[in-house]
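With the hints as extra help, turn the sequences into a complete structure.
Protein chains: 2
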Amino acid sequence: MELKVIAYARNGHTDKFGVPRQSREESPIETRIVFEPEYSVLEALRGIEGFSHLWLLWGFDKVDSWSPTVRPPRLGGNTRMGVFATRSPFRPNPIGLSSVKLVKVAYPRPLPEGKGDKLELVVTGADLMDGTPIYDIKPYLSFSDCHPEAQNGFAEETKDYRLKVDWDMCEPDYLPMLDRHWTDIGPITTRKWLDEVTYILSQDPRPAYQDDPTREYKLDYAGFTVTFTVKEGTAFVQKIEKM
Amino acid sequence: MELKVIAYARNGHTDKFGVPRQSREESPIETRIVFEPEYSVLEALRGIEGFSHLWLLWGFDKVDSWSPTVRPPRLGGNTRMGVFATRSPFRPNPIGLSSVKLVKVAYPRPLPEGKGDKLELVVTGADLMDGTPIYDIKPYLSFSDCHPEAQNGFAEETKDYRLKVDWDMCEPDYLPMLDRHWTDIGPITTRKWLDEVTYILSQDPRPAYQDDPTREYKLDYAGFTVTFTVKEGTAFVQKIEKM
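Protein chains in written order, with our numbering: chain B, 889 to 1131; chain U, 889 to 1131.
Please note that a few of the clues may not be correct.
[Said to hold, decoys possible] Here are the simulated DSS-like cross-link-like pairs (lysine-lysine), alpha carbons at most 27 Å apart as the crow flies:
| no. | chain 1 | residue 1 | chain 2 | residue 2 |
| --- | --- | --- | --- | --- |
| 1 | U | Lys904 | U | Lys1052 |
| 2 | B | Lys992 | B | Lys1006 |
| 3 | B | Lys1006 | B | Lys950 |
| 4 | U | Lys950 | U | Lys904 |
| 5 | B | Lys892 | U | Lys950 |
| 6 | B | Lys1052 | B | Lys1006 |
| 7 | U | Lys1006 | U | Lys1052 |
| 8 | B | Lys904 | B | Lys1080 |
| 9 | B | Lys1047 | B | Lys892 |
| 10 | U | Lys1080 | B | Lys892 |
| 11 | U | Lys992 | B | Lys992 |
| 12 | U | Lys1130 | B | Lys1047 |
| 13 | U | Lys892 | B | Lys950 |
| 14 | B | Lys950 | B | Lys904 |
[As the list claims (entries may be wrong)] These stretches of chain B come out as covered by chain U in the derived footprint (C-beta under 8 Å, 3 or more residues):
| no. | region |
| --- | --- |
| 15 | 904-913 |
| 16 | 931-939 |
| 17 | 967-976 |
| 18 | 1105-1112 |
| 19 | 1119-1129 |
For the record, the hints were derived by calculation from the structure and aren't laboratory data. All values derive from a computational prediction rather than experimental measurement. Backbone N, C-alpha and C define an ideal beta-carbon position, used for all residues, glycine too.
Shown next as structure tokens:
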């Protein structure tokens, strides 16, 4: 079967670093699913507003080989697991699966510089990089898809792992410049940007095997670069710069 | 992207009629996921036994066109909904998504007539026809995939619809011949076959718009043909014949 791209994801994750490793209900990160012209058909979404959650099937970018075993980042990067026991991209068919919350259907409208005149879905909670191709959108059916008692295998132990996030070192000098900043993907407010970056840092974007408190990491998100360090379970934001 | 078939589903649903319309936790229907030689690699499943549920991504057979709107069977077959608000096969990329319960990993072993010497996963709850191509297998992660509070849109009203199933007309003459019947997909016991067929009938396999109590329907399942009628919310099994 040959897959056709029906839409592209647009969000602040212009770089792979920092993209969440799984979709999560609590993630405030907003992603726009912008339909390609052939699929920008309003009636194809009839009834979708009745669903609170959706499935996205999407393509892992630039993955063209698979491996029977992979090293899940959450296991420290040294333990090998079977690829079908993980959500790793290095699969025979590199298709990702994410459940997201539907915020709204955005109708075609004129935007500055001609951006955004296609049909869109706005969702939160995705684990997608900006520009990710979308192959399918399905309604989430709780009676088929929800298994609260499911056993999560090796992923169970690390599922609640989070960093604290400390902004004290960079406030308040850098923040005003964020307000109403117009990014490639639309307007963003300081409050929203802070919420989203705090979430991203709390997920610990560092490579699994690194734990050097002096090392500076740079996260690009929605037009700004955030420099941070991590020490004893806390991410310390050092500065924010315009990209 | 070009998808490769990694496995095929094998079960008693040799005919499309009666295949459940969604995967369901309570379904007793057992399906074997038989890996193709290239993917019949035991280490690709390392750690999978720790997961109670899996996702299957699979191909809708013989679907090569899509429609912006479709008529969900559960809405009576007359109401049109947007294809992305349904799990209909008539999608731009006809990929199905089903969560199933993992029963076991079945290791290569010799079986009569050389059948079953490939690596397999045995699962229950699938909504797949025998021979369905499988494109991916992923672990179910409850912290990402489970949303008990999800709103099911138009599917909410009909999700608990079931038929009662009455076997009184055909017992006990036909049942003994079932015991230990060896089918194409392996051995099946009377008890198991009855459980599975009872479940299939309870899901009401009739086309949505039909409600004629005199009409006889024929369900082919695991080597036997079941003739039944439906009257006032009950499926009455009339007879069982060897296919």
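Consistency of the hints with the structure:
no. : hint                  : in the structure
1   : U:Lys904 / U:Lys1052  : holds (22 Å)
2   : B:Lys992 / B:Lys1006  : holds (14 Å)
3   : B:Lys1006 / B:Lys950  : holds (26 Å)
4   : U:Lys950 / U:Lys904   : holds (12 Å)
5   : B:Lys892 / U:Lys950   : holds (17 Å)
6   : B:Lys1052 / B:Lys1006 : violated (38 Å)
7   : U:Lys1006 / U:Lys1052 : violated (38 Å)
8   : B:Lys904 / B:Lys1080  : holds (20 Å)
9   : B:Lys1047 / B:Lys892  : violated (33 Å)
10  : U:Lys1080 / B:Lys892  : violated (41 Å)
11  : U:Lys992 / B:Lys992   : violated (41 Å)
12  : U:Lys1130 / B:Lys1047 : violated (50 Å)
13  : U:Lys892 / B:Lys950   : holds (17 Å)
14  : B:Lys950 / B:Lys904   : holds (12 Å)
15  : 904-913               : holds (count 4)
16  : 931-939               : holds (count 9)
17  : 967-976               : holds (count 8)
18  : 1105-1112             : violated (count 0)
19  : 1119-1129             : violated (count 0)
In terms of the numbered hints stated before, the structure departs from hints 6, 7, 9, 10, 11, 12, 18 and 19, listed from lowest to highest.
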